[in-house]
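Q: Chains A and B, in that order, give the protein sequences. Numbering follows my numbering, in which position 513 of the first sequence is assigned residue number 513; successive positions increment by one, without gaps. Numbering follows my numbering, in which position 490 of the second sequence is assigned residue number 490; successive positions increment by one, without gaps.
Incorrect hints may appear among the rest.
[As the list claims (entries may be wrong)] Listed next, the in silico DSS-like pairs over lysine-lysine satisfying Cα-Cα at most 27 Å (straight line):
no.: 1; chain 1: A; residue 1: LYS399; chain 2: B; residue 2: LYS592
no.: 2; chain 1: A; residue 1: LYS149; chain 2: A; residue 2: LYS32
no.: 3; chain 1: A; residue 1: LYS399; chain 2: B; residue 2: LYS186
no.: 4; chain 1: B; residue 1: LYS192; chain 2: B; residue 2: LYS145
no.: 5; chain 1: B; residue 1: LYS192; chain 2: B; residue 2: LYS149
no.: 6; chain 1: A; residue 1: LYS145; chain 2: A; residue 2: LYS9
no.: 7; chain 1: B; residue 1: LYS141; chain 2: B; residue 2: LYS192
no.: 8; chain 1: B; residue 1: LYS173; chain 2: B; residue 2: LYS192
no.: 9; chain 1: B; residue 1: LYS399; chain 2: A; residue 2: LYS592
Simulated from the structure, these hints should not be mistaken for lab results.
Number of protein chains: 2
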Amino acid sequence: SASQDLDLKILQTVMEQLDANRIRENLRELSKEPHLATSPRDEALVQLLLQRWQDPESGLDSARTTEYEVLLSFPSGEQPNRVDVVNSTGAVLFSCRQSEENVTGEQGGPDVVPPYAAYAPPGTPQGPLVYANQGSEEDFKELQKEGVKLQDSIVLTRYGGVGRGAKAVNAAKYGVAGVLVYTDPKDINDGKSLPNETFPHSWCLPPSGVERGSYFEYFGDPLTPYLPATPSSFRLNSDNASGFPPIPIQPIGFEDAQVLLCNLGGKLAPANWQGGLGCDYNLGPGFRSNGIFPEDGQVNVSVHNRLELRNSSNVLGIIRGAVEPDRYVLYGNHRDSWVHGAVDPSTGTAVLLELSRVLGTLLKKGTWRPRRSIVFASWGAEEFGLIGSTEFTEEFFSKLQERAVAYINVDISVFANATLRVQGTPPIQSVVFSAAKQISAPGSSGLSIYDNWIRYYNRSSSVYGLVPSVGTLGAGSDYAPFIHFLGISSMDIAYTYDRSKTSARIYPTYHTAFDTFDYVDKFLDPGFSSHQAVARTAGSVLLRLSDSLFLPLNVSDYSETLRSFLQAAENLRGLLEQHNISFGPLATAVEKFEGAATSFNQRIATLREGTPDPLQVRMINDQLMLLERTFLNSQAFPEERYYSHVLWAPRTGSVATFPGLSNAYSQAENTGHEPAAWAEVQRQLSIVVAALEGAAATLRPVADL
Amino acid sequence: SASQDLDLKILQTVMEQLDANRIRENLRELSKEPHLATSPRDEALVQLLLQRWQDPESGLDSARTTEYEVLLSFPSGEQPNRVDVVNSTGAVLFSCRQSEENVTGEQGGPDVVPPYAAYAPPGTPQGPLVYANQGSEEDFKELQKEGVKLQDSIVLTRYGGVGRGAKAVNAAKYGVAGVLVYTDPKDINDGKSLPNETFPHSWCLPPSGVERGSYFEYFGDPLTPYLPATPSSFRLNSDNASGFPPIPIQPIGFEDAQVLLCNLGGKLAPANWQGGLGCDYNLGPGFRSNGIFPEDGQVNVSVHNRLELRNSSNVLGIIRGAVEPDRYVLYGNHRDSWVHGAVDPSTGTAVLLELSRVLGTLLKKGTWRPRRSIVFASWGAEEFGLIGSTEFTEEFFSKLQERAVAYINVDISVFANATLRVQGTPPIQSVVFSAAKQISAPGSSGLSIYDNWIRYYNRSSSVYGLVPSVGTLGAGSDYAPFIHFLGISSMDIAYTYDRSKTSARIYPTYHTAFDTFDYVDKFLDPGFSSHQAVARTAGSVLLRLSDSLFLPLNVSDYSETLRSFLQAAENLRGLLEQHNISFGPLATAVEKFEGAATSFNQRIATLREGTPDPLQVRMINDQLMLLERTFLNSQAFPEERYYSHVLWAPRTGSVATFPGLSNAYSQAENTGHEPAAWAEVQRQLSIVVAALEGAAATLRPVADL
Ligand SMILES: [Ca+2]
Ligand SMILES: [Ca+2]
Ligand SMILES: [Zn+2]
Ligand SMILES: [Zn+2]
Ligand SMILES: [Zn+2]
Ligand SMILES: [Zn+2]
């Protein structure tokens, strides 16, 4: 019936039926072979998903695949990438490993892709070695200040600080010829680096482990921005495509990095550049006189990566809504991994399959059908740059923009066992809190997931007092096209670390051949209770979004964000006004939004007390659904592919306010206050004001002008 | 109730109450004084509209104004624009009139703005005169071919062929220093040019009449593209603003044009360049030896126009929908005129006021409230470039995109008495036909408006057989931002000419000081029965859109358009395939759309037979409403401000197919087949395919993947 609402008994049933052991068995199957995007095993998993979702007893209403022909990057099968130290006659004095050590029997074989930097261009640069810390702009400035010659050098960088691709982009500006990147034990292993301290003896990264990854600057298929990558689609010429690293780059393990770095000459690197390799890190260029290499020894980097057009599949499964089939709640994760990908992404896919099994079983039994449609998705080629999900948003742009209520992403579902961690836009906070309050946290604390969470991550809200803190969404997983390109309220849900126990940048075997089932089973989540906790939380959020009569999105939770952005913008006010840019309209627009959101919530409360007719409820729900869309402006960031959400676009400016404003302001300061730069500040301010006014207008009574 | 549907009795009542004499009285009041945008009389009319819409007995639920600070262009009050013939010593031999002859007593006084070309830059160019026909690209090529020196010349052009601004843009490319433009009696008066053959003795343009107009290339406020022109908004520096004519330009009457043109020397102009001034038109440059001017006489054009920021108001009036208040049917016209603007725009506003009076009276009596909300609008500053309506779409972008069902524009409601004329997107054809079939045509024919219409404008439809032909929407009035920027199904409705009786480019006093109440009352529509016919047609369309349970938009009428575009594209196929651009996906996409539209209509038919629940109806209506939106692509035409509808963007290419494809194809042909140009052809093809696939997807059952 049109008044169908969330059924708490069904919710309870779902919570009870989500089974830790079945998640474990899903994970074992998903991670038993490497399944790099478009590999035979990746395609086999497509079939596995289809089979599960088409199961007559526990499947969904329908399932299908969508294929895209996308540009990926692979190391050459014939010419391995190499990193060698050579002497002045070109003789090889030392070679880095070309693959990780086969420690558990799963690091060998033809399906384990050797470590490489996807989309790094081929080339064989050679030069003296320089240590460049994390390869940030500041790091290169520091080297320049110290007089270290960068032209034609090879720089060694460590992961962290800036994105992968940025290290090569920054280096190329200084004439660097090639880049190496490694994971420092200080950053990933809390300092541990010995074989017997690392996996399989602990969760730590073995010395030969190498983080693979995409070095592409944007997301989506590189050749088809804004168009779905159908076989016949227009494609950029790959020579003109932008966003690839400008110079060769290759990742190595810390075992090899130690040999290079501990033999470097030159000045001692700054204290915060030092790491956990057990030696002083010098800047170079070139090797030290009393080391194992001749001082004029150089490093040769041979990269033979190749770009290839490949067919990548998404798998989509749908449960038709009973009352509002034209409203979609989406839930997805990527399927492809770098190697076995037990943690990344299979901990997420294992949860996805268990959740779809439980819901599918209720559906096939006739016990339940959601109010709104549910779309499950298994994305392809995420590791290369969120490709499958981005192509999906391009292909189904109109339908999604018109009908999508929210997107739930569960990529890595368990980083560690300590606490829930949620990233999302403000309207999803309330539904996540509702879910988390009613589920027990794993372990013996007796606390709810919510009460456990608040112990680890919290903030003081001006509205609610102390609450768990929900993070913001960058572009780290498949939610990016949904929030940034389509303006769909999105979230990412996982269980994660106790930060008092580890400072690891991420779980240590991330993107290596050591990310295996045993790693999860022994170290990350023995017993799979954290997996179950995530399945329950995400499942509860999904059911609440798909079944509640009124959408459980609280738009007034945007007010706190806007207020904090406004307060931060106060720091800019003086200079703005010096340049005749009036601050008043921004403050007024924030106030208008706050007022409109408060009144809107009051109208919902009043309606809830009465017996609202179906179209009144639909009207309110449309306002709730579409509020996020009002923050999009396709003219706001012409240089930023896909980014159009004026609140969540990438911020490079130093002030934690509206990103366009912050960035333009920093630009104006850095370019010596040129009038054109201040005009852009004014333009960005006007864009924000127009978006906030539009958002407030969307929340007002619909027949108000 | 949720099943509220169109009430034919109410419709009949509205048809009967729309009163020709009240429309006449409205027109008298609206046109009694000149009301140039932002003038005191324009502001007085804002108050008149507010008063009518707030009337307790015949007003709407609410009414308000929205103000924008926009950049307009006016002639100087102190230094009149001048056009003089001077001899070699600079002595003035002849001067064109600086204002129109005060023939009826209404052409004089301070409120009659002198003829000028709005947004033409100031300047006082002087040079030998050249006749350049209509100032098209081909015309200048012809002059060049004939060896006529254009550098530093003044060219005389006649209205027609290309847009106003294009004449100056084209001229400037050849080094022309200044442009004159006049209305040829052959083009406007069916050849008549004598004072006693023209107004007030007939509807013809008097010899001194001058067409004013905007020469701005884009639409909307020139300084605030994509942002509402609030006082604090970011504004382009007017020096950097684009779209203004590059050189001074001034319009003159044919009385003065005759003196200039009939004394020109040089070669005889081609036959199709000749006009109705009673002499041979020569090309120049300079004057003929046996004329009234010395052969080396030159023309001096003094333009002293000034750009000014002015406050322009829209007036908005709303009737709240009873069932779906969050669905808007919009109905609007501009309010501003060049002088008295009896025909343009007051024939439209007179109808608007009568329609709102009749509906308002039913509303206030409690007899009727529409199912959906109705928004009436009186736009400001249309004559300068659709400014008020464009700023409205910028300010209310999100609300309109989410909620607007259709936009009805009635600018000039009566050009002449012969027949209905409708321009619009295909889905509005059916509702216009339904309305037109049930209303009697003015006059004694006894025919319906539909049957009368089909006699004048018809086409053979592959679906329906012979039907009246509905034209397409360019950017001639305020519908432009609604269809091109927002993708809202739009239409423009008027009564117009018997083309067998006149070949006038437009009604002869268009944009002159002779466009007065008496002109309408005596020549255009004595008795105002055509006004009444338009009021009834537009009123019936409005009621059907606002009150019908199922929206009366027939999306499958897009199939004929797509099929004809596809057939025209067949002409490109050979060269496309030579450049490895596959044609198949386009044909497939058109077929998919056709299939989806047919099935969709069948589902509606089935639903109509049953008793659909309110949310089922809403779902169908959302598909009907949003279909037009799926054709938008904000990345499609980066150079074209606001144009994002991939089917209706301006087409300059010669093949009558999808405009982006046609234009890119012509470009590729003209640039000697450069690879980059063919890449753009492929890109445009992919954009169309993606849009059609998205449109088809929107029409499919919502839970189909
Ligand atoms: Ca793409
Ligand atoms: Ca504007
Ligand atoms: Zn992942
Ligand atoms: Zn990953
Ligand atoms: Zn007009
Ligand atoms: Zn006009």
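Q: Against each hint, give a clear statement of whether it holds in the structure.
A: These are the hints, each one checked on the structure:
Taking the CA atoms of LYS399 (chain A) and LYS592 (chain B), the gap is about 16 Å. The hint holds against a cut of 27 Å. Only pairs whose Cα atoms come within 27 Å are accepted, and LYS149 (chain A) paired with LYS32 (chain A) is rejected, the gap being roughly 47 Å. Restraint check for LYS399 (chain A) and LYS186 (chain B): not satisfied, since their Cα atoms lie roughly 52 Å apart, outside the 27 Å limit. Restraint check for LYS192 (chain B) and LYS145 (chain B): not satisfied, since their Cα atoms lie roughly 32 Å apart, outside the 27 Å limit.
Simply put, LYS192 (chain B) and LYS149 (chain B) have alpha-carbon atoms about 32 Å apart, too far for the 27 Å limit, and the pair is violated. The hinted pair formed by LYS145 (chain A) and LYS9 (chain A) fails the criterion: a straight-line CA distance of about 66 Å is larger than 27 Å. For the hint linking LYS141 (chain B) to LYS192 (chain B), the alpha-carbon distance of about 30 Å lies beyond 27 Å, and the restraint is violated. For the proposed pair LYS173 (chain B) and LYS192 (chain B), the alpha carbon gap of about 34 Å is over 27 Å, so the pair is violated.
The straight-line distance between the Cα atoms of LYS399 (chain B) and LYS592 (chain A) is roughly 16 Å, inside the 27 Å bound, and the hint therefore holds.
The structure shown violates the earlier hints numbered 2, 3, 4, 5, 6, 7, 8.
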